[in-house]
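Enquirer: Here are the chains, one letter per residue:
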Amino acid sequence: MNAPDADARPAGHLDKAEVVLAARNVSKSFGAVHALKAVNFDVHRGQVTTLFGENGAGKSTLMKILSGIQLPSSGELILDGQPIEIASTVEARDLGISIIHQELSLAPNMNVRDNIFMGREIMSSAGVNFAEEERQTRALMRELEEEIDPLTTVEDLRLGQQQIVEIARALSVNSRILIMDEPTSALSASEVEVLFKVINDLKAKGVSIVYISHHLEEALTITDHAVVLRDGEMTAQGPRAEINLEWIVRNMVGENFDLGNPPVGYELGAPALELKGLTVPAASGAGNAVNKLDLTVKAGEIVCIYGLMGAGRTETMECVAGRLHASEGQILLHGRDIGHLSIAGRIAAGLVLVPEDRQRDGLVQSMTVGRNLSLASIRDFTRGVFTNRRDEAEIVDRSIREVMVKTDGPGAPIGSLSGGNQQKVVIGKMLATRPSVILLDEPSRGIDVGAKAEVFRILADHARDGMAVVYSTSEVGECLAIAHRIIVMHRGRIAAQFTDDATKEAIMAASGESLVA
Amino acid sequence: MAITSSAGKGQEKGTSGSFSLIQFMLEGRAFFALIAIIAIFSMLSPHYATLGNFLIMSNHVAIYGTLSIGMLLVILSGGIDLSVGSVLGLCGVFAGFLMQGVTLPWAGVILYPPVWAVVVLTIALGAFVGFVNGALVAWFKVPAFVATLGSLYVARGVALLMTNGLTFNNLSGDPSLGNTGFGWLGFNRLLGMPIGVIELAVVSIIVALMLMRASFGRWLYAAGGNARAAELSGVPVKRVQITVYMLSGICAAIAGLVLSSQLTSAGPTAGTSYELTAIAAVVVGGASLMGGRGTVTGTLLGAFVIGFLSDGLVIIGISSYWQTVFTGAVIVLAVMLNSIQYGGKVKS
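Which chain is which? The protein sequence lines are A and B, in order.
FYI, our numbering numbers position 247 of the first sequence as 247, with every residue one higher than the one before it.
FYI, our numbering numbers position 117 of the second sequence as 634, with every residue one higher than the one before it.
Among the hints, erroneous ones may be present.
Derived Cβ-Cβ restraints for the label pairs, each shown as a range [stated by the list, open to error]:
#1 A:Gln-330 <-> B:Val-626: 55 to 61 angstroms
#2 A:Ala-204 <-> B:Met-853: 32 to 38 angstroms
#3 A:His-325 <-> B:Pro-660: 41 to 47 angstroms
#4 A:His-340 <-> B:Phe-648: 24 to 30 angstroms
#5 B:Phe-648 <-> A:Ser-190: 48 to 54 angstroms
#6 B:Phe-645 <-> A:His-325: 27 to 33 angstroms
#7 A:His-325 <-> B:Val-663: 22 to 28 angstroms
#8 B:Gly-667 <-> A:Pro-108: 26 to 32 angstroms
#9 A:Arg-135 <-> B:Pro-660: 17 to 23 angstroms
#10 B:Phe-648 <-> A:Gly-409: 23 to 29 angstroms
On the chain B side, residues computed to face chain A include the following (Cβ under 8 angstroms) [said to hold, decoys possible]:
#11 Thr-620
#12 Leu-621
#13 Ala-624
#14 Gly-625
#15 Pro-631
#16 Gly-690
#17 Asp-691
#18 Asn-743
#19 Ser-750
Some chain A residues close to chain B (C-beta under 8 angstroms, calculated; not the full set) [to be verified]:
#20 Arg-323
#21 Leu-324
#22 His-325
#23 Ile-347
#24 Pro-355
#25 Arg-360
#26 Gly-362
#27 Leu-363
#28 Leu-375
#29 Thr-387
#30 Leu-417
The set of hints was computed from the structure by calculation and includes no laboratory data.
Note that beta-carbon positions come from the ideal geometry of N, C-alpha and C, so glycine has one too.
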């Protein structure tokens, strides 16, 4: 079926290429949340179709439906003109649809050959036919022009090479449609080049690619067809010849994106938090995640840090909060060096962090809503050795009112809350310690627009009362919401600063989202 | 008192879910199991349900129970302490060694410490072994299973070295040396209650109060439930970890003192495999081996279920081999019910 008819499709007729897989009026709801609303999506044979959209726009949901991980609530999928139902990833694989996830799904302790044939080993009468598997692996690697020995353990490979192994695995099952979710986010520039060459080779073989990336300009270089999603709806689509960066951003972000405005009408106070030449080594040991960062935040000021994944935002915040150690530089809180303090010491001094991953770092699932809310301020309601129930109830009730958590009461299990309310609990927990500086790492991640607006309103209220607020985001619309100042980070440094003259396009450009030529 | 206040906490937890008979039976399963065991053995033997027998059985449970309370703290933190049986043996031997008199060759004297000093020094030894365990786990990131498995061997080996494999049989002391009274722990009664049972009650009440009312208890539940979140909320997670292993060591030392007093001898192999019984009691009592969930009441009930079951089998004359089989079955059943209880909660 997938005959190599590359030269049958000259560049000018790209949009006329045959549609191999189509989604028609596909909707998906999770309870009351509509992740996808009647989306139409075409995958063209032997072309790269790129899906653009912010976090939470519905890209991954759509990909999960195409690859059989989830079933749509309504609508249908059409493969080669026939309506089909893809109920599992195995069915998807049998139909020739493979997905390469953002987080690689390789077993790092096994070698390349065993990873590629995992779950469908080639059997002979004497057991697994390793020689044949190895031969096929070598053939695949030759095809992809990668010098990877089939017997290398996967964890010894560079991330880019691991990506190649994932691709090889997808090819080994004769995939006709290959879905790539953020394949370049962990790759170096030269590895990206190799990947793009591979993608072009695959196109020439008639393989259709669905590509998702936050690096807009990078994606533009290889895309043949673009589809833009926003809030679960398809807002625009077009062939490469008719689109440009500005078109994508306009359709991604929308015109009427309102999460509130920066609080005004008061004077900013003295510097509350000062970072001087802050340097944090990367977790991988090579290079620095944060490189000589200087930043001053005044009391009452709201600063937004924008950047791509891996720009160093999380490392900066975790270092300031005391989770990571700085290799160089100073952290001053109200003029006092707090570099030697523990996390608990920094909380007592008035500096708190709302972590990025609320499930992993924010909440204790085995405790109730009330006990989660009071966790960071236990010392405030402890008299001598014992805790005081009345004081604790007071703190918990005040927090629930202040951050407006919708709950059956302080005794409800934390798991009974929605994502947005869980996030409010994490924020309320840290606000209960009455901090003077609050850092929030992606506070809006995975919560709906209404909850986002409430979170931003809470932050604006506290800023008006003199709290210094630093929040990070990877959604450009949120930078412009309540921030007095926007810092754009790129590769561990501040790439640009904006006050009130910021535009979405300028912010994205500075973040490296569009690779400046 | 420990029991009433812990039950209050259980109710608090219960109200969060919808009330149903199955839920009620599931949450109180250790309690119902204990009632069932007492009822069944009372029917099978007229000697079982007597006050005297209950006190004797409770005195047996005191040893496991004390170890289980320490084990509960470690398990709540998300760890495990395999060394308690060996520490129990080591501490018994250490107490016996002190009772024989400590010879100081360079001073040319033999010291006979009074019994209170023996008790204090022995507890200090238990705390020290616990500290080493805790430091290995918290500071050096050695998995708890491995760190305490090592301590299990080292402590047992030291106990054997100290006695050359023999047993101290004379723990009674000498009135002329002023170190008598070691047997008080194992044989005396206060208001008709064996000292061992009172000791277990006191330890339980202190730990229950600590878990429910002290800030340390809250730290422990948080650190065991999600160490990363607890740390970012300002909980001194490492200090909590070291403390629980020290408390577990102290509980093992107390159990060692009571046991050697009950037996009027201190042998280096005392307490072999008791760590498994202690873990079983904690698990039967409804605690999660993942950490963050468990109560003193549950653990005590677990210890009594295991103790009353095995003593009951002895009383009705069933082979001790069958005891082993029954104990194993009870543990597996308990863990199965744990998964149903906690698994269901996660889903809802």
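Enquirer: All hints are to be evaluated individually against the structure, with a verdict given for each.
Expert: Tested hints:
1. A:Gln-330 <-> B:Val-626: 55 to 61 angstroms: holds (59 angstroms)
2. A:Ala-204 <-> B:Met-853: 32 to 38 angstroms: violated (57 angstroms)
3. A:His-325 <-> B:Pro-660: 41 to 47 angstroms: At 24 angstroms between Cβs, range violated.
4. A:His-340 <-> B:Phe-648: 24 to 30 angstroms: holds (25 angstroms)
5. B:Phe-648 <-> A:Ser-190: 48 to 54 angstroms: holds (52 angstroms)
6. B:Phe-645 <-> A:His-325: 27 to 33 angstroms: holds (31 angstroms)
7. A:His-325 <-> B:Val-663: 22 to 28 angstroms: holds (27 angstroms)
8. B:Gly-667 <-> A:Pro-108: 26 to 32 angstroms: holds (28 angstroms)
9. A:Arg-135 <-> B:Pro-660: 17 to 23 angstroms: violated (41 angstroms)
10. B:Phe-648 <-> A:Gly-409: 23 to 29 angstroms: violated (41 angstroms)
11. Thr-620: violated (42 angstroms)
12. Leu-621: violated (39 angstroms)
13. Ala-624: violated (41 angstroms)
14. Gly-625: Where the cut-off is 8 angstroms and the nearest Cβ of chain A is about 46 angstroms from Gly-625 of chain B, the hint is violated.
15. Pro-631: Since chain A brings no Cβ nearer than about 30 angstroms to Pro-631 of chain B, farther than 8 angstroms, the hint is violated.
16. Gly-690: The hint is violated - Gly-690 of chain B has no Cβ within 8 angstroms of chain A, the shortest such distance being about 36 angstroms.
17. Asp-691: violated (41 angstroms)
18. Asn-743: Since chain A brings a Cβ to about 4 angstroms from Asn-743 of chain B, closer than 8 angstroms, the hint holds.
19. Ser-750: Holds: closest Cβ of chain A sits about 4 angstroms from Ser-750 of chain B, inside 8 angstroms.
20. Arg-323: Because about 7 angstroms separates Arg-323 of chain A from the closest Cβ in chain B, which is inside the 8 angstroms limit, the hint holds.
21. Leu-324: violated (12 angstroms)
22. His-325: Cβ of His-325 of chain A sits 14 angstroms from chain B, so the hint is violated.
23. Ile-347: Nearest chain B Cβ about 4 angstroms off; hint holds.
24. Pro-355: holds (6 angstroms)
25. Arg-360: holds (6 angstroms)
26. Gly-362: holds (5 angstroms)
27. Leu-363: Nearest chain B Cβ about 6 angstroms off; hint holds.
28. Leu-375: At 5 angstroms from the nearest chain B Cβ, Leu-375 of chain A passes the 8 angstroms test, so the hint holds.
29. Thr-387: holds (6 angstroms)
30. Leu-417: violated (12 angstroms)
Checked against the numbered hints given earlier, the structure breaks hints 2, 3, 9, 10, 11, 12, 13, 14, 15, 16, 17, 21, 22 and 30 and satisfies all the rest.
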